[in-house]
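Protein chains: 2
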Amino acid sequence: MTAPAALTAASDARSVEILDLVRHAFAEKGFDGASMQDLARAAGMSVGNFYRYFPSKAAIVEGLIHRDLSEIEATFAAVMGSPDPLAVLRATLAERVNEDCAADGQIWAEITAAALRKPEIGAVAQKMEDEIAGYMMAVFARITGLSLAEAHIRFRAQATLIVMLVKAAAMQPAQEPETRSNLSALILRTIDRTLDEVVASALKG
Amino acid sequence: MTAPAALTAASDARSVEILDLVRHAFAEKGFDGASMQDLARAAGMSVGNFYRYFPSKAAIVEGLIHRDLSEIEATFAAVMGSPDPLAVLRATLAERVNEDCAADGQIWAEITAAALRKPEIGAVAQKMEDEIAGYMMAVFARITGLSLAEAHIRFRAQATLIVMLVKAAAMQPAQEPETRSNLSALILRTIDRTLDEVVASALKG
DNA sequence: ATGTGCTGAATGAACGTTCATTCTCGGAAT
DNA sequence: ATTCCGAGAATGAACGTTCATTCAGCACAT
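Protein chains in written order, with this note's numbering: chain A, 4 to 208; chain B, 4 to 208.
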């Protein structure tokens with residue numbers, strides 16, 4: 004039983020490598036715009052071999068989403084593991100909003116559009132956003148001392164808004180540095196206010 | 004000279020009709036996903052004739068953007084023309100955030116993605132967002148009594164954030180009605196707070 | 001007859017996907 | 001030490017489809 008397991012593990016590791024190589028090409032040309040030939044070339048292999056790792060184009064998008072999700076999962080694990088989760092959450096969000104990652108924005112824009120268009124991708128993307136909101140609400144529960152269920156009832160909108168803001172910030176096109184930094188600052192202030200509201204609402208209610 | 008002008012005018016009117024017919028098909032299949040055959044069928048005409056109105060796919064996207072922009076222009080004209088611009092602006096934004104127009108969200112997602120990918124579309128989209136922000140800043144100048152130039156310096160980020168929030172709200176996927184209305188309410192509260200900040204900042208400084 | 005507006009079949013390129021084939025190479029047999 | 005084997009990695013040509021774009025020809029008004 005070790006042989007097949009090892010094989011799958013090796014293949015999975017390779018898939019992750021391929022996803023990293025392919026990501027840029029996908030972001031640049033879009034879901035329908037990037038051909039399998041393009042993607043195979045980006046991965047440094049032939050078309051046929053490429054199909055051994057991803058049986059379809061949609062599978063690549065799903066792979067990219069899962070990869071992003073597992074990164075975010077790790078981030079939230081760090082947040083939850085820290086002694087001051089709220090501060091770490093704030094810092095993490097600040098970093099994400101301030102970093103000028105055009106590539107991430109491009110691919111998120113593609114995924115957002117594809118999610119609204121193709122139901123199979125929409126389902127995966129929806130699940131991802133739900134899980135992120137779930138992590139965020141878990142942090143809220145931890146901060147406020149409320150139960151997870153209570154936090155889900157009270158703070159779902161806040162969690163969704165924050166995710167939405169981070170996504171929207173990443174999808175913003177390139178601008179003059181000053182304009183951009185003013186906007187980033189305002190977005191961060193908005194996020195901070197929303198977090199303040201979560202804390203305050205818990206103290207009151 | 005009247006003949007060509009009339010022809011162009013008639014052709015422009017027809018183009019607008021076609022854009023309305025085509026919009027839905029474009030939103031459903033995306034920029035690369037929608038074929039010229041699809042679009043011609045949606046417009047109720049032959050492929051060849053369709054090319055007489057739009058010589059390329061990018062031209063259609065530009066047309067859609069211009070059409071949206073002129074609608075928004077009219078909306079802002081109404082805002083500026085009213086005796087209480089701030090109240091009308093608030094009401095207009097509330098309406099836009101609450102209306103569940105999945106079609107608009109889909110096409111905005113497509114345009115956002117295409118804008119990040121194709122520079123020619125990005126330029127047009129950027130110009131559109133700049134103009135919208137410009138209208139909003141004009142409203143801010145009117146409300147606060149500041150000069151247009153001063154409003155541009157002070158409130159560009161606020162204007163951009165509000166546009167961003169409205170766009171993001173439209174691009175949100177379908178959800179349970181309660182979740183959705185909670186989110187809409189929070190987004191509106193965030194917009195209102197941003198507008199409050201504009202007013203307050205003007206009183207202070 | 002002449003001009004005009006429109007059609008939809010034709011064209012060649014490019015698409016996603018498949019598959020017959022070749023290459024690579026670690027270890028079993030000699 | 002040499003040969004051979006087989007399994008999985010990799011190839012790229014081929015398939016049927018669909019794409020954007022063009023244009024010869026039709027109907028109809030003048």
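It is worth saying that the hints were derived from the structure and are not from the lab.
Take the hints with a grain of salt, since some may be wrong.
Chain copies aren't distinguished; within one or between two, either way the pair holds.
Unchecked claim - Dumping the calculated SDA-like pairs for lysine to any residue here, alpha-carbon to alpha-carbon at most 20 Å:
| id | residue 1 | residue 2 |
| --- | --- | --- |
| 1 | 32 | 107 |
| 2 | 32 | 146 |
| 3 | 121 | 177 |
| 4 | 32 | 196 |
| 5 | 130 | 147 |
| 6 | 121 | 106 |
| 7 | 60 | 100 |
| 8 | 170 | 205 |
| 9 | 170 | 125 |
| 10 | 207 | 169 |
| 11 | 121 | 99 |
| 12 | 130 | 177 |
| 13 | 32 | 102 |
| 14 | 121 | 178 |
| 15 | 32 | 120 |
| 16 | 60 | 189 |
| 17 | 32 | 181 |
| 18 | 130 | 55 |
| 19 | 207 | 36 |
| 20 | 121 | 198 |
| 21 | 207 | 145 |
| 22 | 121 | 37 |
| 23 | 32 | 59 |
| 24 | 130 | 176 |
| 25 | 60 | 202 |
| 26 | 60 | 72 |
| 27 | 121 | 105 |
| 28 | 170 | 45 |
In this text the structure is predicted, and so the values were computed from the model without any measurement.
Verification of the supplied hints:
no., hint, result
1, 32 - 107, "within (13 Å within a copy, 23 Å between copies)"
2, 32 - 146, "neither (42 Å within a copy, 43 Å between copies)"
3, 121 - 177, "between (28 Å within a copy, 13 Å between copies)"
4, 32 - 196, "neither (37 Å within a copy, 38 Å between copies)"
5, 130 - 147, "neither (25 Å within a copy, 44 Å between copies)"
6, 121 - 106, "between (22 Å within a copy, 14 Å between copies)"
7, 60 - 100, "neither (29 Å within a copy, 33 Å between copies)"
8, 170 - 205, "neither (26 Å within a copy, 30 Å between copies)"
9, 170 - 125, "both (16 Å within a copy, 18 Å between copies)"
10, 207 - 169, "neither (28 Å within a copy, 30 Å between copies)"
11, 121 - 99, "neither (28 Å within a copy, 25 Å between copies)"
12, 130 - 177, "between (29 Å within a copy, 13 Å between copies)"
13, 32 - 102, "neither (22 Å within a copy, 32 Å between copies)"
14, 121 - 178, "between (31 Å within a copy, 16 Å between copies)"
15, 32 - 120, "both (17 Å within a copy, 6 Å between copies)"
16, 60 - 189, "neither (37 Å within a copy, 36 Å between copies)"
17, 32 - 181, "neither (29 Å within a copy, 37 Å between copies)"
18, 130 - 55, "neither (26 Å within a copy, 44 Å between copies)"
19, 207 - 36, "neither (52 Å within a copy, 51 Å between copies)"
20, 121 - 198, "neither (33 Å within a copy, 36 Å between copies)"
21, 207 - 145, "within (16 Å within a copy, 38 Å between copies)"
22, 121 - 37, "both (16 Å within a copy, 13 Å between copies)"
23, 32 - 59, "both (16 Å within a copy, 18 Å between copies)"
24, 130 - 176, "between (26 Å within a copy, 11 Å between copies)"
25, 60 - 202, "neither (43 Å within a copy, 49 Å between copies)"
26, 60 - 72, "within (19 Å within a copy, 34 Å between copies)"
27, 121 - 105, "between (24 Å within a copy, 14 Å between copies)"
28, 170 - 45, "neither (26 Å within a copy, 33 Å between copies)"
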